[in-house]
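My request is simple: use the sequences and hints to build the entire structure.
Heads up: the protein sequence lines correspond to chains A and B, in order. FYI, in the numbering used here the residues of the first sequence are 1 to 338. FYI, in the numbering used here the residues of the second sequence are 1 to 338.
Hints may be right or wrong, so weigh each one.
Stated by the list, open to error - Okay, the calculated bits of chain B under chain A, using three or more residues with CB under 8 Å as the criterion:
(1) 48-57
(2) 181-194
Unchecked claim - Restraint ranges, calculated between C-beta atoms of paired labels, are given here:
(3) S314(B) / H106(A): 27 to 37 Å
(4) L232(A) / L174(B): 29 to 39 Å
(5) A2(B) / R55(A): 53 to 63 Å
(6) A16(A) / D102(B): 25 to 35 Å
(7) L43(B) / L43(A): 39 to 49 Å
Think of the hints as simulated: they come from the structure by calculation, not from any bench. This one's a predicted model, so the numbers in the text were calculated from it and none came from an experiment. Using N, Cα and C, we set each Cβ at its ideal position, and we do this for glycine too.
Protein chains: 2
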Amino acid sequence: MAGIKDVATEAGVSVATVSRVLNSHPSVSEAARVRVLAAVEALGYRPNAVARSLRTDRTRTLGLVISDVLNPYFTELARSVEEAARALGYSVIIGNADERPDLQDHHVRTLLDRRIDGLLVSPTDGGSPLMLEAVRGGTPIVFVDRWIPGIDVPVVRADGRAAIGDLVAHLHRLGRRRLAIIAGPAATTTGSERVEAFRAALAAHGLPLPDEYVGQGDFQAASGRRATERFLALPEPPDAVFAADNLMTLGALDALRAHGLRIGADIALAAFDDIPWFVHTDPPVTAIAQPTGELGRAAVQALAGLIGGGAPPSVTLPARLVVRRSCGEAAPNPRSEQ
Amino acid sequence: MAGIKDVATEAGVSVATVSRVLNSHPSVSEAARVRVLAAVEALGYRPNAVARSLRTDRTRTLGLVISDVLNPYFTELARSVEEAARALGYSVIIGNADERPDLQDHHVRTLLDRRIDGLLVSPTDGGSPLMLEAVRGGTPIVFVDRWIPGIDVPVVRADGRAAIGDLVAHLHRLGRRRLAIIAGPAATTTGSERVEAFRAALAAHGLPLPDEYVGQGDFQAASGRRATERFLALPEPPDAVFAADNLMTLGALDALRAHGLRIGADIALAAFDDIPWFVHTDPPVTAIAQPTGELGRAAVQALAGLIGGGAPPSVTLPARLVVRRSCGEAAPNPRSEQ
DNA sequence: TGTACGGGTGGAATCGATTCCATGGGGGGC
DNA sequence: GCCCCCCATGGAATCGATTCCACCCGTACA
Numbered sequence: 001m002a003g004i005k006d007v008a009t010e011a012g013v014s015v016a017t018v019s020r021v022l023n024s025h026p027s028v029s030e031a032a033r034v035r036v037l038a039a040v041e042a043l044g045y046r047p048n049a050v051a052r053s054l055r056t057d058r059t060r061t062l063g064l065v066i067s068d069v070l071n072p073y074f075t076e077l078a079r080s081v082e083e084a085a086r087a088l089g090y091s092v093i094i095g096n097a098d099e100r101p102d103l104q105d106h107h108v109r110t111l112l113d114r115r116i117d118g119l120l121v122s123p124t125d126g127g128s129p130l131m132l133e134a135v136r137g138g139t140p141i142v143f144v145d146r147w148i149p150g151i152d153v154p155v156v157r158a159d160g161r162a163a164i165g166d167l168v169a170h171l172h173r174l175g176r177r178r179l180a181i182i183a184g185p186a187a188t189t190t191g192s193e194r195v196e197a198f199r200a201a202l203a204a205h206g207l208p209l210p211d212e213y214v215g216q217g218d219f220q221a222a223s224g225r226r227a228t229e230r231f232l233a234l235p236e237p238p239d240a241v242f243a244a245d246n247l248m249t250l251g252a253l254d255a256l257r258a259h260g261l262r263i264g265a266d267i268a269l270a271a272f273d274d275i276p277w278f279v280h281t282d283p284p285v286t287a288i289a290q291p292t293g294e295l296g297r298a299a300v301q302a303l304a305g306l307i308g309g310g311a312p313p314s315v316t317l318p319a320r321l322v323v324r325r326s327c328g329e330a331a332p333n334p335r336s337e338q
Numbered sequence: 001m002a003g004i005k006d007v008a009t010e011a012g013v014s015v016a017t018v019s020r021v022l023n024s025h026p027s028v029s030e031a032a033r034v035r036v037l038a039a040v041e042a043l044g045y046r047p048n049a050v051a052r053s054l055r056t057d058r059t060r061t062l063g064l065v066i067s068d069v070l071n072p073y074f075t076e077l078a079r080s081v082e083e084a085a086r087a088l089g090y091s092v093i094i095g096n097a098d099e100r101p102d103l104q105d106h107h108v109r110t111l112l113d114r115r116i117d118g119l120l121v122s123p124t125d126g127g128s129p130l131m132l133e134a135v136r137g138g139t140p141i142v143f144v145d146r147w148i149p150g151i152d153v154p155v156v157r158a159d160g161r162a163a164i165g166d167l168v169a170h171l172h173r174l175g176r177r178r179l180a181i182i183a184g185p186a187a188t189t190t191g192s193e194r195v196e197a198f199r200a201a202l203a204a205h206g207l208p209l210p211d212e213y214v215g216q217g218d219f220q221a222a223s224g225r226r227a228t229e230r231f232l233a234l235p236e237p238p239d240a241v242f243a244a245d246n247l248m249t250l251g252a253l254d255a256l257r258a259h260g261l262r263i264g265a266d267i268a269l270a271a272f273d274d275i276p277w278f279v280h281t282d283p284p285v286t287a288i289a290q291p292t293g294e295l296g297r298a299a300v301q302a303l304a305g306l307i308g309g310g311a312p313p314s315v316t317l318p319a320r321l322v323v324r325r326s327c328g329e330a331a332p333n334p335r336s337e338q
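Here it is, written out as structure tokens:
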């Protein structure tokens, strides 16, 4: 493959001049410019990004480490991140942590080794020494969706508090009184926050949240199934189940159906994280939708700010309730479908 | 950040020795080894992958350019590719082409600039001069799922022919006679192949495939909806619709439901590409499942072979029919659910 | 007419690793 | 006891770009 030297020879100038043309440095004569560009064209020259990065110490690459690529929420997040990054001239390397701290660390480490310009992370666990070290080492990092308390970097996320309040009100209005939740791992912020918001919303309606109504899940479908089974085995099972992410909802759906329950009638089901498929399930699932695209864009923006030497603020966007039929009869409020 | 020089100083040896220790070169004394490793530990040294790549001309990185990340099929493919690549010590950079040839070329170009060791592509269109050039230039490339005729590289894909035959037989057995298909873009191999296989299977049962029963889609949900609307507007609408990918199936589902049709009774619906959500739709959708995980693994293996200087063969794995309820009553043959 | 300034240019240093080559020293074979 | 070979090691070249610095030359101003 042709190098900058070949271009220089072909154009009859020095490599310094070629470099200047390619980086649109002002001090280049028009004559030299056209000769260089012609040589570039003739040789089909493309600058070696590796060499360039070594010299400039910038890779024009961002790392994105997410907890689970198979989760449509994160897929969509990844897509919007890539889009926003591309608009700014960055490439994105995605690492899938699969909810495993060791895999997460593996990805963070290789990304740092590759000298990415910045890192976007949705941490799987509550405290990674590696990440702390990276921040101290000066790598620009932004947390998205989830975060790690004690690590002082911008956090871009959605606040589901209000939407969870709306959901509980909705359930209450439909006559549901025994509300249960399938929580995510306590080590994740989203895992614990959603339970807390749920508990607070119940309290506002004078409802209790007994321990046996808090199922422990891990954001994967199988755990949603298990937790639901356990609920149904209780002497007094709940009449509404709220799953803290979309995959666990799927598991819950399975389990409820396996028990011959009519969802929306015998028992209500709602999800955190809305996905296109919830419109098509039987019945369509009431869910709390995050502004995923905006989260991705905001995260990239914050990271770019950090890379540029600024101190971008954290961003919190509101989630909203999308009422469908899985909690009971059709939407009594205007925020239906979409 | 500490460099190899700092480690050398700290350990009291030359950089050459440090490098040898890190690359487990045999000619290093035990004494030097422990001193170097201690220094590495003490300084928290991590080799600069950029510098290393410049020198060795290997980045230990693979590029994966897929047509649509939001499509669960490709998401799963990406995941298995990353997994297999990681096992071999490679990282993966994913580029999302969004079914747009220009975006695809953008990604291929930046990946080549970054000097990735090999490229995995599921092309969005039928002929990319850039890709041809890359192959000539010596970049190892493997096509996965789709391919470009005329570019001589290994192709890893699933053959849906037999499964489509099974599907048509299934529909025929259930009394369906007016079978329509929503095809993918003719520019993609999967787009045209599936129509051909469908046509051949119909012919085997003595059934015609009139032009108005071939809807033109683009692998996106909206096109599935449009094509279905058009079918339903025909004087004699089909009594079975086969969508050539999962997203178009979603669109078809929408359209059918909007017309008040009972899927599985009034009209049959089947999909190419099975996804977890098809179990939960109303009704569960009969689909043709590809061995996605194996495809990803095989593709990485082929690419690694190519990188290693070998000439790996193309791989074709069979897809299989998964019968659910969207074509009519429950599975009359043993290949149900999964 | 001399000098100062600035634009265009090339040579060479540099980024951080790997690796070739030369060298010194120790051990084994004769 | 001598020589040879091989192992361990360090110096220096190298990968392909960017960029500092010095130089040349032409123009404008005093």
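The hints, checked one at a time:
no. : hint                          : in the structure
1   : 48-57                         : holds (count 6)
2   : 181-194                       : violated (count 0)
3   : S314(B) / H106(A): 27 to 37 Å : holds (32 Å)
4   : L232(A) / L174(B): 29 to 39 Å : holds (35 Å)
5   : A2(B) / R55(A): 53 to 63 Å    : violated (19 Å)
6   : A16(A) / D102(B): 25 to 35 Å  : holds (33 Å)
7   : L43(B) / L43(A): 39 to 49 Å   : holds (42 Å)
Of the numbered hints given earlier, the model fails hints 2 and 5; all others are met.
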